[in-house]
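Enquirer: Residue numbers (the working numbering), protein chains in the order written: chain A, 1 to 244; chain B, 1 to 366; chain C, 1 to 296.
It should be emphasised that the hints constitute simulated quantities derived from the structure, not laboratory data. Virtual Cβ for every residue (Gly too), placed ideally from N, Cα, C. Honestly, I wouldn't trust all of these hints.
Here are the simulated EDC-like cross-link-like pairs (lysine to aspartate or glutamate), alpha carbons at most 20 Å apart as the crow flies [said to hold, decoys possible]:
| no. | chain 1 | residue 1 | chain 2 | residue 2 |
| --- | --- | --- | --- | --- |
| 1 | A | K188 | A | E3 |
| 2 | C | K188 | A | E71 |
| 3 | C | K188 | C | D175 |
| 4 | C | K177 | A | E83 |
| 5 | A | K26 | A | D178 |
| 6 | A | K26 | A | D224 |
| 7 | A | K188 | A | D233 |
| 8 | A | K188 | A | D178 |
| 9 | C | K188 | A | E72 |
| 10 | A | K188 | A | D224 |
| 11 | C | K177 | A | E72 |
| 12 | C | K177 | A | E71 |
| 13 | A | K26 | A | E3 |
| 14 | B | K97 | B | D164 |
| 15 | A | K188 | A | E133 |
The calculated label-pair distances, taken between Cβ atoms and stated as ranges, are [to be verified]:
| no. | chain 1 | residue 1 | chain 2 | residue 2 | range |
| --- | --- | --- | --- | --- | --- |
| 16 | B | S98 | C | E116 | 48 to 58 Å |
| 17 | A | I14 | C | A195 | 36 to 46 Å |
| 18 | C | T89 | B | R227 | 53 to 63 Å |
| 19 | C | A195 | B | V132 | 39 to 49 Å |
| 20 | C | T89 | A | E133 | 34 to 44 Å |
Coverage of chain C stretches by chain A, computed from C-beta distances (three or more under 8 Å per stretch; other residues unrestricted) [claimed, not checked]:
| no. | stretch |
| --- | --- |
| 21 | 211-225 |
| 22 | 240-253 |
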Amino acid sequence: MIELRGAATGYGAIPVFENMSFAVGKGSAMAIAGPNGAGKTTLLLLMAGMLPLWRGAMHVAGNDVSALGAEERIGVGVVLCPEGRRIFSTLTVEENLQLGATTIRRSLHRSGVRRAINDGLEQVYSMFPILRERRHGSGGALSGGQQQMLAIGRALMSRPAVLLLDEPSLGLAPLIVDEVYAHLEELKRSGLTIVVVEEAASRVMSFADTALVLRNGRVILQGDAKEVSEHLDLAKAYVGGGAG
Amino acid sequence: MRLGLTHDRGPGPLALMGTVTGGTTIVIAISIAVLIWVWAAGGRSESLLVNVGITAIMVIGYQVFVGNTGIVSFGHPAFVAIGAYVGGLVAVPSGIKSAILPDLPHWLMNLSVGFYPSILIGGAAAGLAALVVGPIVMRLSGATAGIMTFGLLVITNEVIRNLDQFTRGTQTFFGVPKASGLLDVYGLLCALTAVSLAYKFSRFGLRTRAARDDPLAAETSGINVVRTRVGAWVLSASITGVAGVLLAHQLTAFSPQSFFITMVIPVMVMAVLGGTASIIGGVAGVVVISAWLEFMRGIEGGSLFGLVEIPSIFGISQLTLGVGLILVLRLRPRGIFGSTEFAWRLSGSRPRDRDPDRGATQGQGE
Amino acid sequence: MMVASLQVIVDGLSIGSTYALLALGLSLVFSVMGFVNFAYGSLIVWAGYAIAVTDSVGAPYALTILVMVVFTVVLSIAMGRFAFRPFITAPPATLLLTSFGVALALQAVAIFVFGEAPRHVPTPPVLIESVSVGGVRISLLQILALGLSVIVLVALNLLIQRTTFGIEIRAAAEDSKAAQLMGVRPPKVLLVVFAISGVVAAVVAFVWFARIGTVDPRADLTPTLKAFIAVVLGGLGTIRGPVIGGLLLGLFESVLASFLTTNLLAFQSAFAFGLVILVLILRPQGVAGRVVELAK
Chain A
1 MIELRGAATG
11 YGAIPVFENM
21 SFAVGKGSAM
31 AIAGPNGAGK
41 TTLLLLMAGM
51 LPLWRGAMHV
61 AGNDVSALGA
71 EERIGVGVVL
81 CPEGRRIFST
91 LTVEENLQLG
101 ATTIRRSLHR
111 SGVRRAINDG
121 LEQVYSMFPI
131 LRERRHGSGG
141 ALSGGQQQML
151 AIGRALMSRP
161 AVLLLDEPSL
171 GLAPLIVDEV
181 YAHLEELKRS
191 GLTIVVVEEA
201 ASRVMSFADT
211 ALVLRNGRVI
221 LQGDAKEVSE
231 HLDLAKAYVG
241 GGAG
Chain B
1 MRLGLTHDRG
11 PGPLALMGTV
21 TGGTTIVIAI
31 SIAVLIWVWA
41 AGGRSESLLV
51 NVGITAIMVI
61 GYQVFVGNTG
71 IVSFGHPAFV
81 AIGAYVGGLV
91 AVPSGIKSAI
101 LPDLPHWLMN
111 LSVGFYPSIL
121 IGGAAAGLAA
131 LVVGPIVMRL
141 SGATAGIMTF
151 GLLVITNEVI
161 RNLDQFTRGT
171 QTFFGVPKAS
181 GLLDVYGLLC
191 ALTAVSLAYK
201 FSRFGLRTRA
211 ARDDPLAAET
221 SGINVVRTRV
231 GAWVLSASIT
241 GVAGVLLAHQ
251 LTAFSPQSFF
261 ITMVIPVMVM
271 AVLGGTASII
281 GGVAGVVVIS
291 AWLEFMRGIE
301 GGSLFGLVEI
311 PSIFGISQLT
321 LGVGLILVLR
331 LRPRGIFGST
341 EFAWRLSGSR
351 PRDRDPDRGA
361 TQGQGE
Chain C
1 MMVASLQVIV
11 DGLSIGSTYA
21 LLALGLSLVF
31 SVMGFVNFAY
41 GSLIVWAGYA
51 IAVTDSVGAP
61 YALTILVMVV
71 FTVVLSIAMG
81 RFAFRPFITA
91 PPATLLLTSF
101 GVALALQAVA
111 IFVFGEAPRH
121 VPTPPVLIES
131 VSVGGVRISL
141 LQILALGLSV
151 IVLVALNLLI
161 QRTTFGIEIR
171 AAAEDSKAAQ
181 LMGVRPPKVL
191 LVVFAISGVV
201 AAVVAFVWFA
211 RIGTVDPRAD
221 LTPTLKAFIA
231 VVLGGLGTIR
241 GPVIGGLLLG
251 LFESVLASFL
261 TTNLLAFQSA
271 FAFGLVILVL
281 ILRPQGVAGR
291 VVELAK
């Protein structure tokens, strides 16, 4: 569904990674793990079109999307839930969700837009009933877990094919983390392709199908999530650190 | 020993000395060149070069505040005005004073001091004014503080225009002895360059720059952001005030409209072109823009050097300054020098690459 | 006494409503771009010249106003497109300096094209004639000024609070990067905001020049100053702030004008800034502003 071939990018003139390749199939999930500064967030920003591709290519559903910017990437179905959720606190919960439908509004005709947005809202509200309750309240007044639900819901409003998540469990209580992953599981079953970045690898590995471990912009482990996870545990046990 | 570019001072008092004397050496060299030039030309363009020297002091004063705090000021002409009027007032001979300002209090009427005392008094007056308003204005956020510096200029201007008893109001103030010699101006320029360099690399300057780059982190490290800004503001105002007194002794006659928003234009462009975070950059900006304005004067014809005779920088020069400002910000937002300064270094020790002042133009605003 | 104080309030509100619009136009750009646009006063000046020039070729008043509105909006958009959009990711200090450069350039061009001498800006006499309502003198222009301000305010509020485009503007103002991740195009938002602030400037210019009657290249200073004072007084970053700031400034000036002797009136701007300083001592974020970070 989404594929990177020999991708390179960085900030200014400083490269973060030089040659990144992987593919994630439709309806499957990939975990990206690694220590702080490994390049995980950079990788997601690159996929979301916020950073330019220096070399290599990115394909979505077989189409080359390398040259597209952030807004057009959403148009082809790739959307990012950024690190720290970035909920708009000056907007209400429902306005946050409506903002997620910005590209839908542009791509459809007038009559279709309202229905598409209402359907989207209905879908998000039935998935996260708490958001319906708080729909007219400020997005900033939600708890951390609710904000993460809102961030996911907001991303879903653009009807994505590929959902990119940056540290969805950051700062959440373990129980809430499980709830978030239960929802992600549900989305995956419905055919959504998911790429999750987590610094703490344990929870995401049991959710993902494949995994990628980064360190200093290089892939140090890649493959089946279960195997990668075992590898990490081994490394932890014997070296007392590991990449997770 | 050799002279090289550096971003920071390096450890130890010796390195600090090297950094302070480095930039000063360059300015001394330029000053000597100017003196030799005027001497060789038999005094021709002396007046112009005195004006350039005064402008350079203004730019250095401007840099001390804008460069170290990251707040853009539109209000600095107020300090030039305070310096000029206060320094001028105490320097006018008593005989002339009783004629032009008959309503002065007795003690002021009889007061008439020499050139250097008047410079001290004028500079101190500007610094004092800054100290009074600083604590109020400097706790505002960047954008609001910038606006309020403009407000201070408006207030100062109106006060001068209406304080007839001391300033002759909107009428021309005259009678200041013509005393700003080339040697005085460039000597002060060198001294004030050393002062600003010493401030920039002292722990006070370091705290101010830290507060500019990351106010929150600075606060949590125990730095009082407002106090650092007030410090830079007062020093900056005093230097600018000195330039004002020098200007008074150069023009001998002036009026309130000589010191309004127009005055800050060339100063700002010079500082930005050279790099607001760099003192030596400001000097480079003075050289380039002065030459440019002089060239434009040739084209527009007639008037005195741009800064002093205000109408002359209108028209085409003003257009080039405005467009030039935008182009510099677009093409080289950190100016020619960024935040680098010249420093003397023992042969062998190498300058460091990292640039602690990257945030110089980013610290401000909302 | 009663009538006199009513007169002060009417005069204050009518001029204050114009200041409120001025401040609002400035604040709109600020909330999205994070800088105070020094060139906002230049828009007003050029709007004045648009009326003067159209009138000099013999166009009827209504047409001169129409031309002025179109011209001002186009100029504002051009300003946003060519002077500010290239700096969209630059820090606010750079943008503030840029806007100063734009103001200088626009003023220089005005001097070059129109010269230093003031030009007459026509106003139909019916607008400025005062009628007495229960002893209070009031002109059609004052009523228009108030009415137009209310209309602009209501329209702007609807646009920003009730439309999806308003959601995009607010999102871009709060967190431009995150908004981009949601598919918002910050450069487009910028241009629309400049267009809106151009419309506001045109409305201000209409009232402004009908009252003053002349325009000269340096006439940008007063509107810029009034907008600055109102904005700082009320606080940046909201719609409420600049409106309250503008009205307060208008009332304050009107009260000053009725109480002060002529020679103290020369201190008017100094008094206004003095008021600002007083307010800022008590409330650094302005009368109605949000608390802003020390520096961002």
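Enquirer: If a hint holds in the structure, say so; if it doesn't, say that too.
Expert: Against the structure, the hints:
| no. | hint | in the structure |
| --- | --- | --- |
| 1 | A/K188 to A/E3 | holds (18 Å) |
| 2 | C/K188 to A/E71 | holds (12 Å) |
| 3 | C/K188 to C/D175 | holds (15 Å) |
| 4 | C/K177 to A/E83 | holds (12 Å) |
| 5 | A/K26 to A/D178 | violated (23 Å) |
| 6 | A/K26 to A/D224 | holds (16 Å) |
| 7 | A/K188 to A/D233 | violated (26 Å) |
| 8 | A/K188 to A/D178 | holds (15 Å) |
| 9 | C/K188 to A/E72 | holds (15 Å) |
| 10 | A/K188 to A/D224 | holds (17 Å) |
| 11 | C/K177 to A/E72 | holds (15 Å) |
| 12 | C/K177 to A/E71 | holds (12 Å) |
| 13 | A/K26 to A/E3 | holds (11 Å) |
| 14 | B/K97 to B/D164 | holds (13 Å) |
| 15 | A/K188 to A/E133 | violated (25 Å) |
| 16 | B/S98 to C/E116: 48 to 58 Å | violated (37 Å) |
| 17 | A/I14 to C/A195: 36 to 46 Å | holds (38 Å) |
| 18 | C/T89 to B/R227: 53 to 63 Å | violated (32 Å) |
| 19 | C/A195 to B/V132: 39 to 49 Å | holds (43 Å) |
| 20 | C/T89 to A/E133: 34 to 44 Å | holds (38 Å) |
| 21 | 211-225 | violated (count 0) |
| 22 | 240-253 | violated (count 0) |
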